[in-house]
Structure formats: structure tokens, C-alpha cells
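Student: Take the sequences, apply the hints, and build the full model.
Just so we're on the same page, this note's numbering is the position in the sequence shown counted from 1, plus 140.
A hint or two may mislead.
Said to hold, decoys possible - Simulated DEER-style distance windows between Cβ atoms:
{"#": "1", "residue 1": "141", "residue 2": "218", "range": "53 to 61 angstroms"}
{"#": "2", "residue 1": "174", "residue 2": "218", "range": "50 to 58 angstroms"}
{"#": "3", "residue 1": "195", "residue 2": "144", "range": "34 to 42 angstroms"}
{"#": "4", "residue 1": "167", "residue 2": "218", "range": "41 to 49 angstroms"}
Keep in mind that the hints were calculated from the coordinates and are not lab data.
All C-beta atoms, glycine included, are put in the ideal place defined by N, C-alpha and C.
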Amino acid sequence: MKKDIHPDYHPVVFRDVSGEFAFLTRSTATPSKTIVWEDGNTYPVVDVEISSATHPFYTGQSRVVDTAGRVEKFRQRYGDRTAKAAEKKAAPESPAPEASDSDES
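Tutor: Dropping the structure here:
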């Protein structure tokens, strides 16, 4: 391995700010804050918003999304195109003009 071309790879604590969850790993991140870890040593700490302990996919807690509001907002903006398409299908089509025999020679 070449010297002085690789970033410093050292122990760092990643702490979830929305839950009581933290883990010690190695990283090239160099935060300015530190924390005293369970083993009594002081390590740099990176605060994260979401981790596997608080993410809805991993915890099984789904968030309520207002999809009905989104659909109504779309329909107000662009109109109800499905209703217009249904009306078009229901309306009888006008007969196509027939070709005249005078074009044939």
C-alpha cells in the first residue's frame, strides 16, 4: 500500500438522534464532536437522523401517507382524464366518409 494517499480510517461512533441507538465502527469521517463509549474510550461521534433502529421499513411501523389528497390535487390540476376517456368511448363515432368511385380510373 502506498503511503500518504489513503484517508485516515479510525473508530467512529454513529448515534441515532431520534432513538437510543448507537454503534461503534470504523470510518473515514472526522467529526468534531466526541463521546465516551461503553469501553471507557473517547471516540468521535456522527449524529444521524435515521438508522436501522428507527427506519419505518426495518421497524415495521408504516407512516400514514395522504394519497387521497394527492389524487384529488392531481385531478384538480389536470382534470379527471379517465372520466373524459370513458365519455369518449360511450359516444357513438361518426361514420367515416366513404371513398367516391370517381377516384378510380
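Student: For each hint, tell me whether it holds in the structure or not.
Tutor: Okay, the hints, checked on the actual structure:
1. 141 / 218: 53 to 61 angstroms: For residue 141 and residue 218 the Cβ distance comes to about 58 angstroms; the hint holds.
2. 174 / 218: 50 to 58 angstroms: With a Cβ separation near 53 angstroms, residue 174 and residue 218 satisfy 50 to 58 angstroms, so the hint holds.
3. 195 / 144: 34 to 42 angstroms: holds (38 angstroms)
4. 167 / 218: 41 to 49 angstroms: With Cβ atoms ~46 angstroms apart, the hint holds.
When each numbered hint is compared with the structure, no violation occurs for any of them.
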